[in-house]
Amino acid sequence: MPHQVYLACDHGLVRHALGSLLRRQPAIEVCGESNLGPKLAQDAAAAGAHIVLITVENAERATAPAMHLAYRTLSPIPVVLLNLADDDERLLEALSLGVRGIIDKDADTARLISAIEEVLRGEVVISKRLAGRLVVEYVAASTGERTHGRAPRARGIDLSDREREVLSRLARGQSNRTIAESMFISIHTVRAHARSLMQKLHVQNRVQAATYAFEHGLVERDAPSERTRHEPEQGPAKVAS
Numbered sequence: 001m002p003h004q005v006y007l008a009c010d011h012g013l014v015r016h017a018l019g020s021l022l023r024r025q026p027a028i029e030v031c032g033e034s035n036l037g038p039k040l041a042q043d044a045a046a047a048g049a050h051i052v053l054i055t056v057e058n059a060e061r062a063t064a065p066a067m068h069l070a071y072r073t074l075s076p077i078p079v080v081l082l083n084l085a086d087d088d089e090r091l092l093e094a095l096s097l098g099v100r101g102i103i104d105k106d107a108d109t110a111r112l113i114s115a116i117e118e119v120l121r122g123e124v125v126i127s128k129r130l131a132g133r134l135v136v137e138y139v140a141a142s143t144g145e146r147t148h149g150r151a152p153r154a155r156g157i158d159l160s161d162r163e164r165e166v167l168s169r170l171a172r173g174q175s176n177r178t179i180a181e182s183m184f185i186s187i188h189t190v191r192a193h194a195r196s197l198m199q200k201l202h203v204q205n206r207v208q209a210a211t212y213a214f215e216h217g218l219v220e221r222d223a224p225s226e227r228t229r230h231e232p233e234q235g236p237a238k239v240a241s
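Heads up: the sequence shown begins at 1 in this note's numbering, then just goes up one per residue.
There could be a bad hint or two in this list.
Below, a list of computed lysine to aspartate or glutamate pairs in the EDC-like style, where the Cα atoms sit at most 16 Å apart [claimed, not checked]:
id : residue 1 : residue 2
1  : K105      : E57
2  : K200      : D161
3  : K200      : E165
4  : K200      : D158
5  : K128      : D88
6  : K128      : E89
7  : K128      : D106
8  : K128      : D108
9  : K200      : E163
10 : K39       : D10
11 : K128      : D104
12 : K105      : D88
Read the hints as simulated data drawn from the structure, not as lab findings.
Could you put the whole structure together from the sequences, leaning on the hints where they help?
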């Protein structure tokens, strides 16, 4: 039985070209196509998709709140991103949101088909470049303190309650806008908290902060968010878009 692949892309010509390529593969059947609209998850599930292949030309689009919701709604249908952008940090963030594979724009047809099959077997597929970046950032976050297979203890870190909550939500893949809306604070305040906690943790980006938080026990791996509502820190309660 051929793999049922659902294609999603905002550009019709790109989607059509990719569909034509996949339809020539005996192991693939394109069961549906759409843009990255709000009905993506619903339409893919209704089409009987085994896997969803999403083409993104803007890595920020891949981590937008609407896509985060789509990834959650599609579960357990795996999602693979065909990346036409070059924003490693955003792409690694997409992995934390539930994406199961990221294929670079320079991959050939054989690699694309192989990646689809690997993801359908339950594997996670990323490029060598991204894998190398993950290893480097993991080592940097660990700071060489791991001994005898045990996670290192956190250094003396003085995070405020708000910084800890932002870190917890950040580590679970929430975007700045989602954090702002759920905590009832402005997106500028979220960014300020994020910058402050990164300085205190001595990390350079969100991926390193998340890795450090889990490795040092600052965030429990399966704990729910601590709070979902707050009084506004500044301005009206409704966050401006």
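Outcome of the hint check:
With a CA separation close to 10 Å, the supplied pair K105 and E57 stays within the 16 Å bound. Distance check on the hinted pair: K200 and D161 sit about 14 Å apart at the alpha-carbon level, within 16 Å; holds. At most 16 Å may separate the alpha-carbon atoms for a hinted pair to count; K200 and E165 meet this at roughly 15 Å. With a C-alpha separation of about 8 Å, the suggested pair K200 and D158 falls inside the 16 Å cut-off, and the hint holds.
For the hint pairing K128 with D88, the CA-to-CA distance comes to about 12 Å; that is within 16 Å, so the pair holds. Restraint check for K128 and E89: the C-alpha separation of about 15 Å stays at or below 16 Å, so the hint holds. Distance check on the hinted pair: K128 and D106 sit about 12 Å apart at the alpha-carbon level, within 16 Å; holds. Distance hint between K128 and D108 is fulfilled; the C-alpha atoms sit about 15 Å from each other, no more than 16 Å.
For the hint linking K200 to E163, the alpha-carbon distance of about 10 Å falls within 16 Å, and the restraint holds. A hinted pair counts as satisfied when its Cα atoms are at most 16 Å apart, and K39 with D10 qualifies at roughly 13 Å. Note on K128 and D104: the hinted pairing holds, with a Cα-Cα distance of about 10 Å set against a maximum of 16 Å. Between K105 and D88 the alpha-carbon distance is near 13 Å, which keeps this suggested pair within the 16 Å criterion.
Figure legend: structure checked against the earlier numbered hints; every hint is met.
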